[in-house]
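Could you put the whole structure together from the sequences, leaning on the hints where they help?
Protein chains: 2
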Amino acid sequence: MATINDIADKLGVSKSTVSKGLNNASDVSSEMKRKILETAVELGYVNKRLQKKEQKLCIFIENMECKTPNHFGHDIVLGFKQMAELEGFTVDVVPVTPQFQRETPYGVFMIQQGYMASFVLGFSLLDPWMKEFRSVQIPTVLYDNYIKSNPYMASIGCDSQEGFDLAVKHLVKLGHRKIGLISGPLESYILKARYNAYLNAMAENGLEINEDYIGLGYYVAESTRTYVPKLVEQGITAILFSHDVRAISALTECNDREIRVPRDLSIIGFDDLPMTAYTVPPLTTVRQDRIALGKCGFYAMSCLLNKVPIGSILLRAPLIVRESTGPAPESPDSPAL
Amino acid sequence: MATINDIADKLGVSKSTVSKGLNNASDVSSEMKRKILETAVELGYVNKRLQKKEQKLCIFIENMECKTPNHFGHDIVLGFKQMAELEGFTVDVVPVTPQFQRETPYGVFMIQQGYMASFVLGFSLLDPWMKEFRSVQIPTVLYDNYIKSNPYMASIGCDSQEGFDLAVKHLVKLGHRKIGLISGPLESYILKARYNAYLNAMAENGLEINEDYIGLGYYVAESTRTYVPKLVEQGITAILFSHDVRAISALTECNDREIRVPRDLSIIGFDDLPMTAYTVPPLTTVRQDRIALGKCGFYAMSCLLNKVPIGSILLRAPLIVRESTGPAPESPDSPAL
Chain Y
1 MATINDIADK LGVSKSTVSK GLNNASDVSS EMKRKILETA VELGYVNKRL
51 QKKEQKLCIF IENMECKTPN HFGHDIVLGF KQMAELEGFT VDVVPVTPQF
101 QRETPYGVFM IQQGYMASFV LGFSLLDPWM KEFRSVQIPT VLYDNYIKSN
151 PYMASIGCDS QEGFDLAVKH LVKLGHRKIG LISGPLESYI LKARYNAYLN
201 AMAENGLEIN EDYIGLGYYV AESTRTYVPK LVEQGITAIL FSHDVRAISA
251 LTECNDREIR VPRDLSIIGF DDLPMTAYTV PPLTTVRQDR IALGKCGFYA
301 MSCLLNKVPI GSILLRAPLI VRESTGPAPE SPDSPAL
Chain F
1001 MATINDIADK LGVSKSTVSK GLNNASDVSS EMKRKILETA VELGYVNKRL
1051 QKKEQKLCIF IENMECKTPN HFGHDIVLGF KQMAELEGFT VDVVPVTPQF
1101 QRETPYGVFM IQQGYMASFV LGFSLLDPWM KEFRSVQIPT VLYDNYIKSN
1151 PYMASIGCDS QEGFDLAVKH LVKLGHRKIG LISGPLESYI LKARYNAYLN
1201 AMAENGLEIN EDYIGLGYYV AESTRTYVPK LVEQGITAIL FSHDVRAISA
1251 LTECNDREIR VPRDLSIIGF DDLPMTAYTV PPLTTVRQDR IALGKCGFYA
1301 MSCLLNKVPI GSILLRAPLI VRESTGPAPE SPDSPAL
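Respectively, the protein sequence lines represent chains Y and F. Using my numbering, read the first sequence as starting at 1 and increasing by one per residue. Using my numbering, read the second sequence as starting at 1001 and increasing by one per residue.
It should be emphasised that the hints constitute simulated quantities derived from the structure, not laboratory data. Don't take every hint at face value.
Non-contacting residues of chain Y with respect to chain F, defined by C-beta distances greater than 12 Å in every case (computed) [said to hold, decoys possible]:
(1) D6
(2) A8
(3) K15
(4) S16
(5) N23
(6) K56
(7) Q101
(8) L199
(9) Y219
(10) R225
(11) P229
(12) R260
(13) A277
(14) A328
With a cut-off of at most 30 Å between alpha-carbon atoms, the simulated BS3-like pairs for lysine-lysine come out as follows [unchecked claim]:
(15) K1081(F) x K1307(F)
(16) K1033(F) x K148(Y)
(17) K1307(F) x K81(Y)
Ideal Cβ placement from N, Cα and C applies to all residues, glycine included.
Rendered as structure tokens:
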């Protein structure tokens, strides 16, 4: 772990200049402050004094709300805090934007604020900090994202493969053979994982994999409107969705088109959002236990803070069977009675 | 969680009979004791009184030694104890055999001894308790084994995929294209994982996958003797091994046959056993940090004991580059100089 001396040596300046730079003193130029901070990050400097005063952790959140219990992020933040505050940590929640990330490097922000470690929610592969995560030496836990080989980064999330395995097995038991997938585009780590989980689950059950059974689109309502009828026309009797919001949108679409769920089409979501118990019909879905996810985030962070270099933790993803799945309709190809 | 009342109700006997049965009293028949224990396991009964007296955890170990620092299991047990004893738990290490497992069901043993949870090392897919693990309701952490969908079971291990990705990338940089695998038979969870990791790493790097480049055999020396020359004859210039012991055996084989390592053949192991730094030449290998594995086992157990239903934790698997890997020999097919 680097000290103020190491930074001073590397930059060829005095220890006191480095110390002043790290403490944002007014008699050090902003150019020199920038150099000092960047070198501090590069060398893996930790501001022990700041950290000792108060053990501070940070949750960065983007593309996700967490203010009320209905927001997806709420219980994740709650679960994390329940564990962390019990252990004497202070937890700040900091919403970030790509612009903020471009202006303030991750390592610099963490050192300046005296955070020991962070938990990162809702980032996409395109977020500016994602590149910095490849080499930064600060314990960081990512929800639904993964950074290769950097022992300071851990990934947590629900096991998409387990979830879709259970979903497909449930559908096969109900007589379904032609099962489709509707998902967002493959620009995110987790959507790629769900896509592969779908392919593996289909292959595992000896079911036909066909590009035409898969609909990927960014906008939820638009892609539901396009793909639900397209898949049904091809004889698909059940659809897996990458997220509940897409599955719920499909319920509306089916209602508009008089496609009866589950009599004509079975639908399975992913998340188990609170509202899925009250949709018409109530949604069969793969559960993400968000309190457990938050706690799991803290366990992962504890590992990293104690030099146990874990790469990933996967949480169980049980299938919650409600009423949007039912026996497969008789195939139009099957011999008439 | 079941109580003594639940067991009594289910069996139609009195509470005191159940209590006596659980405490191995002499005035309850052994047939009734067996019934009581089996029902206790079935219902997920926890003996709170026994557990409160002393918070006891158990490490079951098979096919693995742990007595001296050179033994593979030693540091795993040590890392686990370092964490657990700090938190006030007592840890027993119990070697088991398949016969012991056949005679004493897992759940019965745990309840009788008052263990809260266990850490299981070295089991194969054929071990009798593996079947019981599918449904038992006792927090259990498995090293290098995985049980589907049971939220009381967690798996920990090093990330074989990351390890072999790094190994193949290292070899490709050195100019190798024809890379083989020598491993044990695919009857174990972890050997299957290594096998798939090899296939994925080869595909990821656009390298040819050929059944003839793979040698699987139970006996280490025998399969080394068979497959090393067979692979070399086919123009293989580098071999990945599922474990260090196989790679070390290959070094001896190469020495006997005057195959120069790494000039004629590069060799990569998996484990980073202490002795690999002193082989001739020192072995390039994927590291399993066994102290971290033990600590990780305790973190996984803490998750399960706190109702955070994790399925798996994967530890980083860095590549330790020593001298058994080098530039690929010029291909015999390449044009003469």
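Now for the hints, and whether the structure bears them out:
no. : hint                : verdict
1   : D6                  : 24 Å, holds
2   : A8                  : 31 Å, holds
3   : K15                 : 33 Å, holds
4   : S16                 : 38 Å, holds
5   : N23                 : 34 Å, holds
6   : K56                 : 22 Å, holds
7   : Q101                : 25 Å, holds
8   : L199                : 14 Å, holds
9   : Y219                : 32 Å, holds
10  : R225                : 35 Å, holds
11  : P229                : 34 Å, holds
12  : R260                : 31 Å, holds
13  : A277                : 20 Å, holds
14  : A328                : 23 Å, holds
15  : K1081(F) x K1307(F) : 21 Å, holds
16  : K1033(F) x K148(Y)  : 52 Å, violated
17  : K1307(F) x K81(Y)   : 16 Å, holds
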